[in-house]
Amino acid sequence: MAEVGNADTSRIYVPVRIKFFIALCIAIGWTAFSVWAAQTWLSELSARIGTIPALLLVGGIAIVPGFMNAFVIASLTLDRRPPRRSLDSYPPLTILIAAYNEEGSILDTLAGIERQNYPAPLQVIVINDGSRDRTASLVREAEARHAWLRLLDMPRNGGKARALNEGLKLASHDFVVTVDADSYLHRMALTSIVERYRQDPPGTRAVAGKILVRNSRKNWLTRCQEWDYFQGIAAIKRMQSLYHGTLVAQGAFSLYDRSALIEVGGWAECVGEDIVLTWALLKAGYRVGHCEDACIFTNVPENARQFVRQRQRWARGMMEAFRQHPDILLTPRMSTFFIYWNLFYPWLDLAFTLGFVPGMVLALFGCYWIAGPMTLALLPLAFLMSYLMFTIERKMFDDVGLKVRRNRRGLCMYMIFYSLLLQPASVLGYIDEIFKTRKTWGTK
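Take 1 as the starting number for the sequence shown in my numbering and just add one per residue.
Honestly, I wouldn't trust all of these hints.
Said to hold, decoys possible - Within a straight-line C-alpha distance of at most 20 Å, the following computed SDA-like cross-link-like pairs (lysine to any residue) qualify:
1. 403 <-> 387
2. 283 <-> 257
3. 19 <-> 78
4. 218 <-> 301
5. 19 <-> 200
6. 395 <-> 229
7. 218 <-> 228
8. 169 <-> 143
9. 283 <-> 202
10. 283 <-> 332
11. 19 <-> 287
Honestly, the hints are just simulated from the structure, not real lab data.
Can you make the complete structure from the sequences, with help from the hints?
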């Protein structure tokens, strides 16, 4: 411990606000260069489709994404996290698992909890949300064998938020963990996330865990998603937590202060219950952190239809969060900067779907009006961010005893083709929310 202490004191401490300012200056500098370099492209495109459409396309395809990527890269480069220490004592935990037709995975999820190296009592509540399979009977049999397990059997399917709120009423402990019913916890996950919570800055009331893909070997789509979780989603969460405001403490695996959950009214009954809850905590003045080495392995959608439905819900959840918490944009804290980012996502997704994708088709016929040499300028940033996150994540894997799978084919598919499915799916989610189509639980 003395060695760790000496290492910490020898480092030059840079305040988080200074890091934020440096990253912002770098991103603005890159954006200024991009605007200058895009003048010819913008002029030629304006002559063909008009100035306003050209500005929207160039801004949505290249300028704004370039700013965001530059900010993320600068932030990750500046991020230096102190080593986490063991605690003198660990608090008991209540784990809530909302389950709907999960007979094929629920026992495996419970086995992962049973194998935890967590040195304090656990209360595990499985809320069977009107399943039409053997989920309830399997959990009931397991309940007879384990004193720490309890089944809450709800006769009708009421949605994930209602299930979690009913489970929260039965929580006996001050800290509540949510775990998806088709996920498997790494043996040190609970210990790691509690240590992070206790050693995060004051005001922290929730910590999001690290989601990894369990079924990545199934097909090309799951291989792509492995890289999305491993690099893309992980980079955003790590950056946001650096600035004291992870925007989504995902329901798949997060830890919450029970009193804070009750204070903000628990989970709202909507598609994006986890993001709406997180924004409620942020609006209340609390901090939401991220534990990059508290790992849970989850099954991701294995076909395009399931994937599109999932990402539709995620996009719709973001719009629900804005609808329920519009005044969060007035909150004077660094995390509000990233909430403003979310306002740009519909524009960026529309520009990609309605502009860049047709532009790629035109490029095949020699028409480089939209997709051409200038769009290639984004590739160096994308590759740099990918390399940076791979380096960070590989070290984390080594620290927790995991190995990075060889998945070069998935990386190529992720870098080149993944957005062709991801961003149109998000556009469908925005349309769903605008026209108030029927909301369902379905795939995570």
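We went through each hint and held it up to the structure:
1. The hinted pair formed by residue 403 and residue 387 meets the criterion: a straight-line CA distance of about 17 Å does not exceed 20 Å.
2. Distance hint between residue 283 and residue 257 is fulfilled; the C-alpha atoms sit about 15 Å from each other, no more than 20 Å.
3. Between residue 19 and residue 78 the CA atoms are separated by roughly 7 Å; this keeps the pair inside 20 Å, and the hint holds.
4. Our distance criterion of 20 Å between C-alpha atoms is met by residue 218 and residue 301, whose separation comes to about 10 Å.
5. Using a Cα cut-off of 20 Å, the hinted pair residue 19 and residue 200 holds, with the two alpha carbons roughly 18 Å apart.
6. As the CA atoms of residue 395 and residue 229 are separated by approximately 16 Å, the hinted pair is consistent with the 20 Å bound.
7. For the suggested pair residue 218 and residue 228, the alpha carbons sit about 15 Å apart, so the restraint of at most 20 Å is met.
8. With a C-alpha separation of about 19 Å, the suggested pairing of residue 169 with residue 143 holds against the 20 Å cut-off.
9. The hinted pair formed by residue 283 and residue 202 meets the criterion: a straight-line CA distance of about 16 Å does not exceed 20 Å.
10. Of the supplied pair hints, the one linking residue 283 and residue 332 holds, its CA atoms being roughly 10 Å apart against a limit of 20 Å.
11. Restraint check for residue 19 and residue 287: satisfied, since their Cα atoms lie roughly 18 Å apart, inside the 20 Å limit.
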